[in-house]
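Enquirer: Protein chains in written order, with the numbering used here: chain A, 2 to 289; chain B, 2 to 289; chain C, 2 to 289; chain D, 2 to 289; chain E, 2 to 289; chain F, 2 to 289.
Don't take every hint at face value.
As the list claims (entries may be wrong) - In the DSSO-like style, the derived pairs of lysine-lysine whose C-alpha atoms are separated by at most 30 Å in a straight line are: (1) Lys-194/F <-> Lys-190/D; (2) Lys-165/F <-> Lys-249/E; (3) Lys-3/B <-> Lys-124/D; (4) Lys-102/A <-> Lys-176/A; (5) Lys-244/C <-> Lys-165/C; (6) Lys-176/E <-> Lys-95/E; (7) Lys-165/F <-> Lys-95/F; (8) Lys-194/A <-> Lys-198/C; (9) Lys-95/B <-> Lys-15/D; (10) Lys-165/D <-> Lys-102/D; (11) Lys-176/B <-> Lys-15/A; (12) Lys-165/E <-> Lys-15/E.
Don't read these hints as lab results, they were simulated from the structure.
6 protein chains.
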Amino acid sequence: MKLTENIVTFVGCKSSYEDSDIVLFGAPFDSTTSYRPGTRFGPSAIRTESIGLETYSPYSDGDLTECKIFDSGDLVLPFGSAERALDEIYDRTKNIVNDGKIPFMLGGEHTVTFGAFRAIVEKYPDVHMIHFDAHTDLRDTYYGEYLSHATVIKRCYDLVGDKKIYHFGLRSGAKDEFVFAQEHNTIEKHSCKTLDKVLPLLKDKPVYITIDLDCMDPSFFPGTGTPESGGISFMDLLDSILKMSHLKVVGMDLNELSPMYDLSQASTALACKLTRESLIALTLNRQK
Amino acid sequence: MKLTENIVTFVGCKSSYEDSDIVLFGAPFDSTTSYRPGTRFGPSAIRTESIGLETYSPYSDGDLTECKIFDSGDLVLPFGSAERALDEIYDRTKNIVNDGKIPFMLGGEHTVTFGAFRAIVEKYPDVHMIHFDAHTDLRDTYYGEYLSHATVIKRCYDLVGDKKIYHFGLRSGAKDEFVFAQEHNTIEKHSCKTLDKVLPLLKDKPVYITIDLDCMDPSFFPGTGTPESGGISFMDLLDSILKMSHLKVVGMDLNELSPMYDLSQASTALACKLTRESLIALTLNRQK
Amino acid sequence: MKLTENIVTFVGCKSSYEDSDIVLFGAPFDSTTSYRPGTRFGPSAIRTESIGLETYSPYSDGDLTECKIFDSGDLVLPFGSAERALDEIYDRTKNIVNDGKIPFMLGGEHTVTFGAFRAIVEKYPDVHMIHFDAHTDLRDTYYGEYLSHATVIKRCYDLVGDKKIYHFGLRSGAKDEFVFAQEHNTIEKHSCKTLDKVLPLLKDKPVYITIDLDCMDPSFFPGTGTPESGGISFMDLLDSILKMSHLKVVGMDLNELSPMYDLSQASTALACKLTRESLIALTLNRQK
Amino acid sequence: MKLTENIVTFVGCKSSYEDSDIVLFGAPFDSTTSYRPGTRFGPSAIRTESIGLETYSPYSDGDLTECKIFDSGDLVLPFGSAERALDEIYDRTKNIVNDGKIPFMLGGEHTVTFGAFRAIVEKYPDVHMIHFDAHTDLRDTYYGEYLSHATVIKRCYDLVGDKKIYHFGLRSGAKDEFVFAQEHNTIEKHSCKTLDKVLPLLKDKPVYITIDLDCMDPSFFPGTGTPESGGISFMDLLDSILKMSHLKVVGMDLNELSPMYDLSQASTALACKLTRESLIALTLNRQK
Amino acid sequence: MKLTENIVTFVGCKSSYEDSDIVLFGAPFDSTTSYRPGTRFGPSAIRTESIGLETYSPYSDGDLTECKIFDSGDLVLPFGSAERALDEIYDRTKNIVNDGKIPFMLGGEHTVTFGAFRAIVEKYPDVHMIHFDAHTDLRDTYYGEYLSHATVIKRCYDLVGDKKIYHFGLRSGAKDEFVFAQEHNTIEKHSCKTLDKVLPLLKDKPVYITIDLDCMDPSFFPGTGTPESGGISFMDLLDSILKMSHLKVVGMDLNELSPMYDLSQASTALACKLTRESLIALTLNRQK
Amino acid sequence: MKLTENIVTFVGCKSSYEDSDIVLFGAPFDSTTSYRPGTRFGPSAIRTESIGLETYSPYSDGDLTECKIFDSGDLVLPFGSAERALDEIYDRTKNIVNDGKIPFMLGGEHTVTFGAFRAIVEKYPDVHMIHFDAHTDLRDTYYGEYLSHATVIKRCYDLVGDKKIYHFGLRSGAKDEFVFAQEHNTIEKHSCKTLDKVLPLLKDKPVYITIDLDCMDPSFFPGTGTPESGGISFMDLLDSILKMSHLKVVGMDLNELSPMYDLSQASTALACKLTRESLIALTLNRQK
């Protein structure tokens, strides 16, 4: 008898790369975090704790074991250099989209989105972004840095230009950032009630979804570095994801879980559940 | 002067066994827990932390000190043998119901319910069960085990048969379990909005209430081993308990508090409050 | 080059005392706390963690850096003597109101309110109090003590008499306290839906606002010594503060944050945000 | 069948008061603590966690179940008044010594020692004190207070006068306190190597032993409010206790465990073990 | 480009099964734990946290990357049935020893040792055991259970008989157990100073090493369910392992890390380091 | 009456900059940390928690209040750019040494030492370094980075060349690093027993002392990102500091406290005590 190797995946994600529709990977990076670091441990925690999760979704009546998802583990990223880390993320994403698959990235701090989005834009120049977050992330530079968690969505904007980005849940930032969001993008402060109006506008367009989990109120999701009260409920976020999955989603990320601030592990469990629901919903709608 | 012994009870529960209407006891067992153990410390934590609680309820305008409740402490249960532990729970419950009193059990993992329910069914063969939970607990076996937290409600079903069990809040399980619940029992997924329709059906019938505290959303109750987002609010659960207390309740349990995941102790305080409200409401309605 | 001293203030509060409209100070006292102490660390935590906060409010469109607020740090209070501690608080408040400024105090246990309120009443004999809390705090004595967290609002009542105090959110206390509140003051149990009816009654009257942060449901604010489920949401409390800021507010306090029960630091972040919103709203309305 | 009450004792302490040689009680008081409160939870934690302890001592080859010890639980002490709390402790101790038994007190902050020692001095005017501590506790007043954790040994000195107190392990205090200790008492700084020389001097004299657990190095005992590096090892403290038990011990206390700083619970387990060893050793030597 | 699977091993253990000298596996079982469960998370924590470890040992001047070690991950064990779990462990061990390799098991509670040792005894009937532990584990039954953490070494004794087991560090147990150890085995209480005398006796004999990490003093290793003060230092344990590696070691285990009591993660890091040192030392001596 | 500003210093450090002998500052940087970040919170924690410390040292019989120390607070450092952060540290240190004062820096990750040491070398080209650490920190690059916690002492070596650096306590690193240390510097592995031999060699030479607090065994100092068992005791480190203070010390740093891994706060208290002892000893010897 030969013993097998220790392959660790998000629960139920047992497809080979070749067969897969969606490729999951982690981007454990938090070097530009200005306040409380720790999101580097997010992807690993989500993968490890997913064993506490059922593979079946009573929301969409699908099951992860029937989806074709390949989990390629976490990237090995250099600490102290955002530029090089983002290059690694770009390369991984590029490979996945070139093979006709959907990249699904687990952060890390929000900065990682720029690495993935750069690769997405090259493949889908007309891509639109839906952005759930508590924070605007629209500064042009932050403490002199061009690549930072506080500038990441501005960097994405630089790639796609006006009226391509839809913000939901924003409730923290400098005044200039809110003004910028209103003039150049589309913004709903505090919540996501207007999503239903936005969805028809994005029909048939390639869409990238980036979810900073701190868009949720800290009552639902305390396990993050910069909790910001007055946010979206878990059920509203889950409903939004289920609705957005009907769009032509070409990439998605969930980020900013910080396990060291999640001593009850309830935030990690929530992130696991959202990951499951996203993966199943994207699969079910892709199969249609 | 003679010094007195150190008798520790849930706050305000000072009746003798003979005088009591309700008998409180703990069932500190968690050996079949497959994910994160720790509920064995639940009953002791509830008793200890209850000293931070007022005895008066502004909800029902009753006071624990005016209720006749005897707290007999925690059972001493063998770890590693669910069968023997359930026998101990059965014996305790049997004694209480035979003396015409209402057993009120604090778990422990949910498995403990089967020990109490077996004794209840013998006394009240027509008993119905109201079951609040995030998880279906309706597997027939789990990792080869017949007695487990994941099979406990199926075991109870085996005793009473079709259409006797009403589930509320279920949102995690295998597909088969949800199908079973719909065919053989009565189920509301995610919430408890249909309770008002169920209550008239149960009028004059003996009812056993089992509440897995993880039926609540983790924002309200993070201190449990398998937190499951998207659940019931504290106020909805409290309202449900106050309403159910008007039924002919012949036994009740609250379970699955895991103090080691409750570092703020807010979940323990919540469990204490629900215990107080349940005890007062059951007493007020019994006295009518 | 001369190195500067290490002056630590709540974020953005850079005014001199002379120029200031509002004076912030901490009252780190918790010696009468009967259950879980620790609020002595509240003011320091709020000041330290405020660096994670933006100075701009997207709610009122104001910015702390444009407000005139002086942060004079924490009082040094004697542990073990409520009387002497309250005298220190009285002196500090007296100085501030005599200079025509608004005192804004961060507790500490709720007892500290009595020290500030005594000075306020001397200056504004017709002052009314708006009181947000989970607990009645209306006992006349508590374990034989006259000055205690459980008696503090009764002490304030003794100064101003009938119908001057408006309670919101109360849901824990002895029956007598609820009866007293209804007969002598104005009370809304559990929530603050009637605030809109109260506000017109207080127009043009001097008002002192005291907010025990445990008025919020523990899902929003677990980091306190006596969490009490079934409370006010963060958004309802924030809305209430923004509305009350239109009154003639002559003093305000926020208290009962206990950082050692806030391991995710989300409660501390919430307290920081409420402090910012209160300071900006009071300033904007004072300037009108 | 009648169910029994929930009597909670330190493990193995099952004697009645009448039969007992030693009476255990808790003094949960910490109102004068100037830095980090929490020792009020010490006695209850020691009692609860003692269930993880064997009753047999491989050090002295005795067993708790063969000792005659009565555990009368914790005193109910007023918070905010050191004077009244110390009176309660005095009364309890007085009763015990008048009945010819040895009081064994679990603190609480070190202040509680004065309450017990006052009763001891009345019964045994020639009593000597052996004092293990990191801190001198010899201030005459502290922040204006006469009764405080920082003055408690000075208060004891006031009762018995020069050359009756032997300090071990002291390594924190004001210079004046160290000078006082050297002039009026007997002091070994940092460690307890000279204990062997002191023991013969105390032969046949009544001795009170007070052990502030922070005398140990924080590597052994981190779970206390003011950890002070550079202290005594666990084994040196245990050896000292075993040796001192051969004296004519008329009272003893262990204090300053603060469970909220003991997240691994190893400090609580250590305090339980020292309690067991002390109780057995005192019994074995009393029986001789 | 094809993305690779997420293979997770103890740092530097990159050999194939066929090439390997040592096979590492985890036994995540803790169902019979009578006090504080959680060791089920031990093997996974050691594997995950090993990434913080260098592969080079400055103690033995070897490097993990030059050793031939295969990490086959954790067994999937049934909770609630010690018998079935031990069968799984037996099977895994049997395979490894039959292929001429050394099994190296990470627990889990100490009970798991019996599963491995049964397979070892079948292959090496003359095997001797060296046992480091704080607890005797020599009860014949415990709360009626035959297979338990408190009986595991007695079960091993039953397989090999008198004078085959050498205990070090024991300092907790019932009196009977200590007597049994002295009569039937070889025991050093509290420490391991006599190891040097034992080693020559075991020359050329097959030896199984079982190390309950709680043999160490909790100052070095607080992260375990039943910390027992007065134990072995880290350096003494490391030195012992390096010395024992010169014996003919046919199997080894390290157990009883409980990550949820290791909030600083220092105990997990220590367990990682001991694992590295053991693996390198066993390899270096096997190669001789 | 005018209220004063909130000036926060290390306890007892009340000198003006002009009068000061020693200037304390914090360097809250941890962006290159490859494993567990968090040392950015170290300097602030040390300053805040120092209020629990006496100003008097019973070791050297000096008192902080009699020393001339200016605390200039923490630098504001950019996250994500080691180069720019080190420039800021260099500038601050340069100013201090140019004014003839001794810089005393609190880290932050160990990388910060290079910023200070660069300024020191310019002023004192013949400076020698004494380096206490668990880790070699002698890689030439790390994950492609030239400036990193794993390369910092190699960078310092590049400035001063062979035989100027004395390492103590090293017990983790790659084999090449240990070889390098032996060939080019002076190294004692694991401990600091040879310090007494080194001190005479450094007489009259300018010396910079850099202490990575993880040189201590984690039993004494668990609160750090990469705890490494088998290290120096607190008393050995304190003795070493007292001895080294007799040298001509031209700068010193203490680094790598990570408060989020110090839940008992005992490691922070230890760091405070070492800071006090260092400051007093440096002052006493400077005054000679």
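Enquirer: All the hints need checking, so say for each whether the structure fits it.
Expert: Outcome of the hint check:
1. Lys-194/F <-> Lys-190/D: Holds: Lys-194/F and Lys-190/D sit about 24 Å apart, inside 30 Å.
2. Lys-165/F <-> Lys-249/E: violated (45 Å)
3. Lys-3/B <-> Lys-124/D: holds (19 Å)
4. Lys-102/A <-> Lys-176/A: Roughly 39 Å between the alpha carbons, so the hint for Lys-102/A and Lys-176/A is violated.
5. Lys-244/C <-> Lys-165/C: Holds. Lys-244/C to Lys-165/C sits at ~19 Å (cutoff 30 Å).
6. Lys-176/E <-> Lys-95/E: Distance of about 35 Å is beyond 30 Å: violated.
7. Lys-165/F <-> Lys-95/F: holds (21 Å)
8. Lys-194/A <-> Lys-198/C: holds (28 Å)
9. Lys-95/B <-> Lys-15/D: holds (29 Å)
10. Lys-165/D <-> Lys-102/D: Judged against 30 Å, a Cα distance of about 22 Å means the pair holds.
11. Lys-176/B <-> Lys-15/A: holds (19 Å)
12. Lys-165/E <-> Lys-15/E: violated (35 Å)
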